[in-house]
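Participant: In order, the protein sequences belong to chains A and B. Using the working numbering, you'd call the opening residue of the first sequence number 1 and step up by one each time. Using the working numbering, you'd call the opening residue of the second sequence number 319 and step up by one each time.
Treat the hints loosely; a few may be bogus.
Claimed, not checked - Below, in silico cross-link-like pairs of lysine to aspartate or glutamate (EDC-like), each with a Cα-Cα straight-line distance of 20 Å or less: (1) Lys421(B) / Glu189(A); (2) Lys421(B) / Asp187(A); (3) Lys483(B) / Asp449(B); (4) Lys6(A) / Asp463(B); (5) Lys800(B) / Glu579(B); (6) Lys383(B) / Glu154(A); (7) Lys459(B) / Glu282(A); (8) Lys706(B) / Asp737(B); (9) Lys394(B) / Glu481(B); (10) Lys483(B) / Glu549(B); (11) Lys388(B) / Asp403(B); (12) Lys198(A) / Asp498(B); (13) Lys198(A) / Asp403(B); (14) Lys441(B) / Asp458(B); (15) Lys791(B) / Glu579(B); (16) Lys483(B) / Glu531(B); (17) Lys786(B) / Glu579(B); (18) Lys791(B) / Asp585(B); (19) Lys303(A) / Asp463(B); (20) Lys198(A) / Asp187(A); (21) Lys800(B) / Asp449(B); (22) Lys198(A) / Glu481(B); (23) Lys303(A) / Asp458(B).
Unchecked claim - Here are some, though not all, of the chain A residues that point toward chain B, as calculated from beta-carbon distances under 10 Å: (24) Pro145; (25) Gly148; (26) Arg186; (27) Arg199.
Simulated from the structure, these hints should not be mistaken for laboratory data. Every residue gets a Cβ at the ideal spot worked out from N, C-alpha and C, and that includes glycine.
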Amino acid sequence: MSTRLKSLLSYGIPVVIAVVLYVTAQSVDRAMANDFTGLFLLMTLAMAWNLVGGFGGQFSLGHSIFVGVGSYATAVILTTLGWPLIPTVLAAAVMSALIGLLLAYPLLRLRGPYLAVGSLGMAVASYGWMINWNFTKASQAYAIPVSGQISLQETYQYATILLLIAVVSIVALVRSPLGLRLVALRDNEAGAASIGVKRVRTLLPVWALSGLLTGAMGAVYALQSGSLTVDATFNIQFSLDAAIVCVIGGLGTLSGPVIGSIIIYYLRKYAADFANYALLIEAVVLVIVVRFFPSGLVGLATKGYRSITSRRTDASKK
Amino acid sequence: MTKGRLMTTSTAPILVAEAVTRTFGGVTAVNKVDLVVNEGELVGIMGPNGAGKSTFFSLVAGARKPSSGKLYVCGKDFSKISLGDAARYGVGLAHQIPKPFRKLTVRQNVDIASYVLPRKRRKAAVDYALDISGLTDRQDKMAGDLGLLELKRLEIARVLALEPKLVLLDEVAAGLNEADLDELVALVRKVHATGKTVILVEHVQEVIHKLAERVVVLEWGSKLTEGTPAEVSKDPRVVEIYLGSPQNEDALKRQPTKAGETRLKVDGLSAGYGPVKVLNDVTFDVAQGEILTVLGANGAGKTTLAKALEGMVKTRSGSVVFKGEVVTDMPTFARQRSGLALVPEGRRLFGDLTVRENLRLGLKSERGFKASHKDQSPLDTVYELFPKLTELNDRQAGQLSGGEQQMVAVGRALAGEPDVIIFDELSLGLAPIVVDRLLEAVVKIANSGISVVLIEQNIHKAIAVADKILVLKRGEVVFSGKPKDFSEEELQRAYLGAE
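Generate the whole structure from the sequences, applying the supplied hints.
Facilitator: Below, the structure is given as structure tokens:
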């Protein structure tokens, strides 16, 4: 397959799927629309995290900040400025991207586990700030004014568009020179520096894009929720979920977060029937994947594919 | 100022170092080095381990800044450089240990380097770099799947794609066998012939002699002398520091061993990774106090043998019997505990820990560390063997020179009171005089009754100390016997493949 066709397909297929989902959204029932919204938001979150955590090898535990900033910015803009919805979501995403730059600048001095702990510290600190900040109603719930007028199907459509934007922008970034540099830095920082790759200059735009997409995800999440609390948005669980999804699907791969979030989302949905055992079931699945398929399900599939094709070429040689 | 002068004249030297000094804490690694390299030259830097070659190189490559002195490279002031800039100014460094981005293809690896160039020139630069280094037909392979020589080629290709004015080659010959070495020398010649200035740091004398027009010798961080390779190799000071004094030869002589009990017996051992079978039906045994030298070209399976003996690679078939007990299925830590020690290739020290802590981790139990303990501690044996380690006790292992690190690695293995020690590539990347000292230590270890499996590239020295020789070729034993039965022809057949 020519590379041109390949790249056409990798953008074309998501676009086609998104258009189909968007058009059929109004005929989907409310429960299903809500379900898919949740799934797509998880996917967007995981893909955005995967840029930093997977391709960049920087295990961020601070992504809950972006979700929180995106959702609260949406609430505040809608309430106090009364902007229309789309500009509001865009503004919230941009704000989150700026926060991403702001956080990344000091965080990028840290590496490995120190970066994870540093970003966790920032997440905890921002939670502490928000729970006491009267401007955003501190620990009380913050209602989203227009959410009553938006149907679940419409929210689902927004989630679909957001996911499409995430897929396209991430594929483009990963294939760009910047994406190669990002992987080079992850694999070997000293080696990358010696051929002219600058760490901060490479990582800042990546953090910004990750923050932008996660912030937009937070904005749509706000629409879905109808009302916000600090506990529900600035929650470390978002970072952990993103990481778990990527580990199960395959860290640093394009399709890993997609597959991982389908598995985790439906596992949680159906395991919920077993009440207290739900967490245990998820933990067991995670342990099994990490123990037996350390490169995730995508890694497993590539390995299988490679062994089949290499066997075939071996056979043809004989 | 100097800077202005350098930038206006086109015939200016490409590197000017004036009293360049670099210290780490209290240690002066590079001490007031003066050096001028003109465009188009091919200069070699040599010196024993710990002489400051690597540190000097890292300054020229812009990976570190000098503590004092002036350093101008390609007309830029390198005392204020930040990481990643050197490549943009026209300096390309090929690392001693190839550091590819394993999950990217060969071409992508080279692509990244080309991003320092304007967009239009990139593709041509990458094509050219791949072509010169002979990687054009491998460009879509994953870099992680390449062999050692190909990785070295990739290092050079990545450097060339920067379109550098100055090419720095750090120990490019390390770990290569004769045939590969010739190919690499030819490649470096080719690079130089395209008009690039080349500076190389090298241990393999032969490479320096074949390539360099001028040689600079460093010792203890200072410049000892410089001249043509012929001049330098005649300089008695160089001979002294680099090759050691001749009386050292005696220490390498072995006392004839009494036939002790068989410690390690390997029978029909096969092992490999995934679909690749690296070792095939290997059989040998080692008795108490014996030295078995294992030779073979790169990729012959020497390191895999070490790993299989230690249980780090699964045995496909055959058996390993250690002190009369079958250990084929025993996990690595248990083999280590029962007295089968490994000094791994690349030393694998804990770089952030001190020398003492590294040694202490090798102990079987903490009892050995406590001074109040009546018996002699195994650590005393280590300090007896390497008195230098007593001085280095509180230094971080990662800051030591290669030779010192290797002493710590040997000491760590000895601290576990082993019955058999496997040395994997003991002399890799070390200066001849350091290798001699280490081999002396190996002889002493064997004389004390410990059995030794010595895996070596340094063929002649390793044969000199051997009681038995085992030669591997593509995973199979092609020679097994006493050194006196081992001829030059056997050696050539194993390494060069002549039938």
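Participant: Each hint: holds or not?
Facilitator: So, going through the hints one by one against the coordinates:
no.: 1; hint: Lys421(B) / Glu189(A); in the structure: holds, 14 Å
no.: 2; hint: Lys421(B) / Asp187(A); in the structure: holds, 8 Å
no.: 3; hint: Lys483(B) / Asp449(B); in the structure: holds, 19 Å
no.: 4; hint: Lys6(A) / Asp463(B); in the structure: violated, 24 Å
no.: 5; hint: Lys800(B) / Glu579(B); in the structure: holds, 18 Å
no.: 6; hint: Lys383(B) / Glu154(A); in the structure: violated, 58 Å
no.: 7; hint: Lys459(B) / Glu282(A); in the structure: violated, 37 Å
no.: 8; hint: Lys706(B) / Asp737(B); in the structure: violated, 24 Å
no.: 9; hint: Lys394(B) / Glu481(B); in the structure: holds, 17 Å
no.: 10; hint: Lys483(B) / Glu549(B); in the structure: violated, 28 Å
no.: 11; hint: Lys388(B) / Asp403(B); in the structure: holds, 18 Å
no.: 12; hint: Lys198(A) / Asp498(B); in the structure: violated, 33 Å
no.: 13; hint: Lys198(A) / Asp403(B); in the structure: holds, 8 Å
no.: 14; hint: Lys441(B) / Asp458(B); in the structure: holds, 15 Å
no.: 15; hint: Lys791(B) / Glu579(B); in the structure: violated, 28 Å
no.: 16; hint: Lys483(B) / Glu531(B); in the structure: holds, 18 Å
no.: 17; hint: Lys786(B) / Glu579(B); in the structure: holds, 15 Å
no.: 18; hint: Lys791(B) / Asp585(B); in the structure: holds, 17 Å
no.: 19; hint: Lys303(A) / Asp463(B); in the structure: holds, 14 Å
no.: 20; hint: Lys198(A) / Asp187(A); in the structure: holds, 14 Å
no.: 21; hint: Lys800(B) / Asp449(B); in the structure: violated, 45 Å
no.: 22; hint: Lys198(A) / Glu481(B); in the structure: holds, 18 Å
no.: 23; hint: Lys303(A) / Asp458(B); in the structure: holds, 17 Å
no.: 24; hint: Pro145; in the structure: violated, 47 Å
no.: 25; hint: Gly148; in the structure: violated, 48 Å
no.: 26; hint: Arg186; in the structure: holds, 8 Å
no.: 27; hint: Arg199; in the structure: holds, 7 Å
Violation of the numbered hints given earlier is confined to hints 4, 6, 7, 8, 10, 12, 15, 21, 24, 25; the remaining hints are satisfied by the structure.
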